[in-house]
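Participant: The two chains are supplied separately, each in an independent frame; assemble them into the complex guided by the hints.
Just so you know, the protein sequences line up as chains A and B, in that order. Under this note's numbering, read the first sequence as residues 1 to 389, first letter to last. Under this note's numbering, read the second sequence as residues 1 to 346, first letter to last.
Hints in this document: simulated from the structure, not taken from any laboratory. Mixed in with the good hints there might be a few duds.
Here are some chain A residues pointing at chain B (derived, C-beta under 8 Å) [what the hints assert, rightly or not]:
#1 Asp2
#2 Asp51
#3 Arg52
#4 Phe220
#5 Val281
#6 Tyr296
#7 Leu314
#8 Val317
The following label-pair restraints were derived from C-beta to C-beta distances [what the hints assert, rightly or not]:
#9 Glu268(A) with Ala183(B): 54 to 60 Å
#10 Thr7(A) with Ser114(B): 40 to 46 Å
#11 Ile202(A) with Gln288(B): 49 to 55 Å
#12 Thr21(A) with Ala187(B): 23 to 29 Å
Beyond 12 Å from chain B on every Cβ pair, some chain A residues (computed) [to be verified]:
#13 Ile74
#14 Pro98
#15 Gly133
#16 Ser141
#17 Arg235
#18 Asp283
#19 Ala303
#20 Ala304
#21 Glu321
#22 Ala347
#23 Ala362
#24 Glu379
#25 Gly387
Since we're looking at a predicted model, the values are computed, not measured. Note that the Cβ used here is the ideal one computed from N, Cα and C, for glycine as well.
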Amino acid sequence: MDLDFSTAEDAFRAEARAWLTAHVPDTPLPSLETEEGFAAHRLWERTLSDDRWSVVSWPEEYGGRGASILRWLIFEEEYYAAGAPGRVSQNGISLLAPTLFEHGTDEQRARILPSMASGEVIWAQAWSEPESGSDLASLRSTAERTEGGWLLRGQKTWSSRAAFADRAFGLFRSDPDTPKPHQGLTYLMFPLDADGVTVRPIGRLDGKPAFAELFLDDVFVPDEDVIGAPGQGWRVAMSTAGNERGLTLRSPGRFTAAAERLTDLWRETADPSDTALRDRVADAVIGARAYRLFAYAGASRIAAGGSIGAESSLNKVFWSELDIALHETALDLLGPYGELSDGAADAPAHGGWAEGHTFSLAGPIYAGTNEIQRDIIAERLLGLPKGRR
Amino acid sequence: MRFLLDDEQREFARSLDAMLTAADAPAVARAWAAGDTAPGRALWSRLAEAGVFALAVPERHEGLGPLPLELAVAFSELGRHAVPGPVVETVAAAALLDRLGDDASAALLPQIASGKTVVTLCVPAAGSPYALDADAADAVLVVEGDTVRLAETAGPVQPSADPARRLARPLGGTVLARGPAVATAAAHAAEVAALATAAQSLGLGRALLDRTVEYVRQRTQFGVAIGSFQSVKHRLADTLIALEFARPLLHSAALALAEGADHRSAEVAAAKVTAGEAAYAAARTALQLHGAVGYTEELDLALWIRKARPLRDAWGTPAACRARVLAPAPAAQQPRTRAASRGAEA
Chain A
1 MDLDFSTAED AFRAEARAWL TAHVPDTPLP SLETEEGFAA HRLWERTLSD
51 DRWSVVSWPE EYGGRGASIL RWLIFEEEYY AAGAPGRVSQ NGISLLAPTL
101 FEHGTDEQRA RILPSMASGE VIWAQAWSEP ESGSDLASLR STAERTEGGW
151 LLRGQKTWSS RAAFADRAFG LFRSDPDTPK PHQGLTYLMF PLDADGVTVR
201 PIGRLDGKPA FAELFLDDVF VPDEDVIGAP GQGWRVAMST AGNERGLTLR
251 SPGRFTAAAE RLTDLWRETA DPSDTALRDR VADAVIGARA YRLFAYAGAS
301 RIAAGGSIGA ESSLNKVFWS ELDIALHETA LDLLGPYGEL SDGAADAPAH
351 GGWAEGHTFS LAGPIYAGTN EIQRDIIAER LLGLPKGRR
Chain B
1 MRFLLDDEQR EFARSLDAML TAADAPAVAR AWAAGDTAPG RALWSRLAEA
51 GVFALAVPER HEGLGPLPLE LAVAFSELGR HAVPGPVVET VAAAALLDRL
101 GDDASAALLP QIASGKTVVT LCVPAAGSPY ALDADAADAV LVVEGDTVRL
151 AETAGPVQPS ADPARRLARP LGGTVLARGP AVATAAAHAA EVAALATAAQ
201 SLGLGRALLD RTVEYVRQRT QFGVAIGSFQ SVKHRLADTL IALEFARPLL
251 HSAALALAEG ADHRSAEVAA AKVTAGEAAY AAARTALQLH GAVGYTEELD
301 LALWIRKARP LRDAWGTPAA CRARVLAPAP AAQQPRTRAA SRGAEA
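In isolation and in its complexed conformation, chain B is listed as follows (with noise of 0.2 Å):
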């Protein structure tokens, strides 16, 4: 057992976070709320070239996947720094083509490795009726009951409380694919969509804490910097450590995803509910610790704040998630080993 990141996935962390850092995310954020994505199209070409995409895309198709460890490692980054667009969604969407395994919906995968197409997905059996940022994508994707359509217009926009969302009923188009193995490649799509909602929440709480204790280290009151006062450490510490847990969760989850293990959907709901909780609970407390402040559109720390309830709740509310822990898993198959056995059990 080694359950740690090797240096390789390390890096790839690091450079995501260098180039994201050197791009000004937020301010693609700002401009992507604005209604303006051509700054975040030329994001999304340099999450392509970094590989990001093609994490989701087998490499029959041009890809370099499927790798979940890796696309929850990369999707972590991209939650840090609040990166705007459909990125969930596409990733799901090349899972769900994948899995489709037909030629008409593999044609897409080449396309969405590089970073040219950028496709949304709605599953609503998965919880929500809505598409993200169908208005800016290229393809949208619905799946309903045995179908898969490639909607024609992506419907009127409906706003989000999250400014860089926007949610939309897809309306017409054509039938991409049907049959009984949609089903299961839209809960494959589904699974592979909480996990790297978890990995977005998971860095976007990260971002939120950070910036957090980097403000109450400078935030003067009664003469002292409000860090020291131990009703705001005490805050901060448990955000730490919500978040800490919430690590190795996702990192188990995707490692199960990896291997098909017949655990992996109460692993990835464990992993979401418990990163999204934890992402959410880091924005209250990084509002309530900013003050008055913390309540403006002024701070970037807005972009983190407000994405944070919608993260929760995408691809896999709580309730949801907490079912699916609890749910007896398959009994055709067996774990490897006792401690998998749990997991299953669990």
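Extracted from the complex, chain A is given alone in its bound form (with noise of 0.2 Å):
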């Protein structure tokens, strides 16, 4: 057992080092979750595209260089570390990229995967419905056959990004008349701007419009923008569902560049005496570095020829819980300054730490909620029996 990284990965982490500092804007960009900020963040994606930095862990024919987990996780470290931007792609890369390499045919990488790598094209998801949000499977936006492909109809919500984005991937109903809810299903690739579709942004908390509903209408979709066969979208779904809540959508390097600032914080303000807020700081240092740890030994569980399913449910639970307290222990430590967001002229931080909070709040809920994974958790890695939720 060792920690260990290569020659070879500490010249990778040198090489990222190196093209961050030189790239990196020197004032954070405006939120990503306004219009300036969005079309900010999508010009970053092109730059971070144009050196193959992008998406890094991809194949090096869709613009990735072929990067192992391990890769993969020494980067974030070192973007994170580097202060860069938020990404405006993560849902893109995160969830509809591993379900392309998984289930997409090749004419369908080909198509999508470069200008998602791009910035190109910014993608949303589309799964919650109104009636439909933990449980997914009881969603009643329908896919109707017709000539050459689909029609979509029905209300999507809660679709991050989908305010300011291009295209949006989710499941429908395609056969209305299955034993079990979750059969049936079709998974689908729409444009947020063909005919039919109306967006209608919603303000979240702090009332910056980070995702939006979408109304569909008798909307087109070609028979090639279907991922999998039609029928299957639950497990097309599922199958990388672990990866939202897992790793690859709150990488540890997130939370060990966080948990340094707030140890700078509390070094350059904090009462020394003061232990509840000393033991507060160290608690978040201890859970990035546990978080980081943890990764360590899933890559090398996957390098070793071996798998992550359930385990991805202790991921999410972990990283959102500890990006509440991490943000809240900062706050704290700003005292009158923590609530100053973005734009104000006080802010500390630019407004980083109050944008932080608000962001990290929603964690426990998006990506299938905390709830839902104990559930998971509890069932699938301890044995538990199914029970009512």
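Facilitator: Here it is, written out as structure tokens:
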């Protein structure tokens, strides 16, 4: 057992760090949940992609570097340590791309992935519906067979980034007469500016239009934009759901970098005799380290031919709670300055802690609520019987 | 990087698990708590045969070590089976005696490796003025300032809330070693003790979780297994999360100790507080989900529940560990990689 990086991995880290030092903007970009910020973040994706840093773990033919999971973890550590912008392409990269790699066709991969890598096309997810949240399989939006494709009808909601994104992917009921709700679903992709699509931005807790409702009224989707077999959508979607809950959505690098900034803030501002605050800072540092080491163990297991299944639910609960605790501690250290958000002249760290706190509050809800994750952990990892939710 | 136990280490854990299961370790722990140490001494010999104590003793003194990672693996199993006695203190004493470096100190090391000598150790500077199970030990070591004393008598026994732990302030005796090397050696011994205690906690937490999962699967109320209720499931899920994220901290701390890395103190402290808190939370959950029967000494469960809190606080309270996590790392040594340096800062 060891935690040593090879010479080649150290060189990869050095290359990433040098590139980031040269390219990361000195001043943070405007919040990516605003129109102006979204555009700026899209340009940043292009900058990353021009030098093959936007999707390091993808094969080279699609714009990546064929990096191992360990190298991806190294890249992410450097990325967030450098204070680089949030990733506006996150949903496409962590949700749709793994699905295409596993279930898509060569034609789909060649058509979709390069423009995702460059930020030319930004993807939003369309899973939830007003009556289908945690019970996703109860969804009612339909895909009806038509010549050469499908017609989508219904309503999707909580679609992150959809206010400004270009395309969306999600599940639709293509067969209304199946014995079980998770049967008869189909995984489809569609443009957000297509005829019949209405996008209504929704202001999140702090008012920024971070997500949207989608109204679909006979939206035509050609057969080439179905992923996997019609009717098999649930299996297609769930086979990569662990990606979102697990590592790829929230890499350890985010939290190690945030914990370092928190430690700096504590050293600069805190009363050393306040051991209650000190303990919380220590817990954030320990939590970030535990998550990083847990990820190294997972990467080692995958490199040794193993896989990660329901264990990704452990990740989801852990990072989402760590993120909130870490930001709450930062706000407590900042006292009266904690609530100053981006755009405020006096805002510490350009309002990053306040924005980060607001963002962290959604963590236990999205990507499968933590209640659902705990059910998964209890049933699949501990073997407890299924029961009423 | 291969941050996984290898086949040999896994097999070592499996063989200890099998041996301790066959030896009925809970019965041994009950006897120990009742003052009958004979079964405990017999088990001690079995552990020595399996090489557990030799892991803390260097080869030149007839040991196999020092091998902190293997120690962590072994002590997880000892915790899982509620093995009684000064197991942590004996391996910490081995670390101390080895670092002292003189012949008189080294003389005990082969005896520790072979299991012939049970040692307990008291380092008040590391948190507690008490020696564990001094009345049952063959040698009682006390570190005071720059001296190591071989105590003459155990001192009056003071009962612990865990009847399998007996505390004492050892009295009298002779000075075994004196000088500036003592403080460094004692600090190292305390780190080994903290690592072994963290490992014990992790194993103990896992035992509590496993037994509670088993119980809620078969315990029926309102016509269904109580394990089908969300409130029950979620507590157990949280228990598993806490234990699973403590494990890599433990392994990383063992590696840091093996390398003598400058960030080892912070790493060991992080593992200690995380495993200790996880195991204590597991005990609270086990107690709550068993209900009234969990609050009795009739089930073996009590052996683990009452040990969780003392282990959480022994060899580094949570507050002391958290302070150490944030203490600036020694500046003299340069870590090998930036990742390592992050560990040092943290």
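Participant: All hints, please: hold or fail.
Facilitator: Against the structure, the hints:
1. Annotation: interface hint on Asp2(A) holds; nearest CB of chain B at approximately 6 Å, less than 8 Å.
2. Taken as an interface hint, Asp51(A) does not check out: its beta carbon lies about 21 Å from the nearest beta carbon of chain B, beyond 8 Å.
3. Annotation: interface hint on Arg52(A) violated; nearest CB of chain B at approximately 22 Å, more than 8 Å.
4. The criterion of a C-beta within 8 Å of any C-beta in chain B is not met by Phe220(A), whose closest approach is roughly 42 Å, and the hint is violated.
5. Look at Val281(A): its Cβ gets to within about 6 Å of chain B, closer than 8 Å, so that hint holds up.
6. Hint status for Tyr296(A): holds, given a least beta-carbon distance of 4 Å to chain B, under 8 Å.
7. Nearest Cβ of chain B to the Cβ of Leu314(A): about 5 Å, under the 8 Å cut. The hint holds.
8. For the restraint placing Val317(A) at the interface with chain B, the shortest Cβ-Cβ distance is roughly 6 Å, inside the 8 Å limit, so the hint holds.
9. A beta carbon spacing of about 32 Å between Glu268(A) and Ala183(B) contradicts the range 54 to 60 Å that was offered as a hint.
10. Checking the proposed 40 to 46 Å range against Thr7(A) and Ser114(B) shows it holds: the Cβ atoms sit about 43 Å from each other.
11. In this structure the hint that Ile202(A) and Gln288(B) lie 49 to 55 Å apart at CB is violated, the actual value being about 40 Å.
12. Between Thr21(A) and Ala187(B) the CB atoms are about 38 Å apart, so this pair departs from the stated range of 23 to 29 Å.
13. Against the 12 Å criterion, Ile74(A) falls within the reach of chain B, whose nearest CB is about 8 Å from its own CB.
14. Interface exclusion of Pro98(A) from chain B stands, the closest Cβ pair being 23 Å apart, more than 12 Å.
15. Once the 12 Å rule is applied to beta carbons, Gly133(A) is consistent with being away from chain B; the minimum gap is 16 Å.
16. Consistency note on Ser141(A): stated as away from chain B, and its beta-carbon is indeed over 12 Å from all of that chain's, at 28 Å minimum.
17. For Arg235(A), the non-interface assignment is confirmed: its Cβ lies about 25 Å from the closest Cβ of chain B, beyond the 12 Å cut-off.
18. Not every CB of chain B lies more than 12 Å from the CB of Asp283(A), the least distance being 7 Å, so the non-interface label is violated.
19. Separation of Ala303(A) from chain B is inadequate, the least Cβ-Cβ distance of about 7 Å not exceeding the 12 Å criterion.
20. The beta carbon of Ala304(A) is not kept farther than 12 Å from every beta carbon of chain B, the shortest such distance being approximately 6 Å.
21. Distance check for Glu321(A) against chain B: the nearest CB is about 9 Å away, which does not clear 12 Å, and the non-interface claim fails.
22. The Cβ of Ala347(A) lies farther than 12 Å from every Cβ of chain B, with a closest approach of about 26 Å, so its non-interface assignment holds.
23. No beta-carbon of chain B comes within 12 Å of the beta-carbon of Ala362(A); the shortest separation is about 20 Å.
24. The beta carbon of Glu379(A) sits about 7 Å from the closest Cβ of chain B, which is not more than 12 Å, so the claim that it is off the interface is violated.
25. Distance to chain B contradicts Gly387(A) as a non-interface residue, since its nearest Cβ pair spans about 3 Å, not more than 12 Å.
Checked against the numbered hints given earlier, the structure breaks hints 2, 3, 4, 9, 11, 12, 13, 18, 19, 20, 21, 24, 25 and satisfies all the rest.
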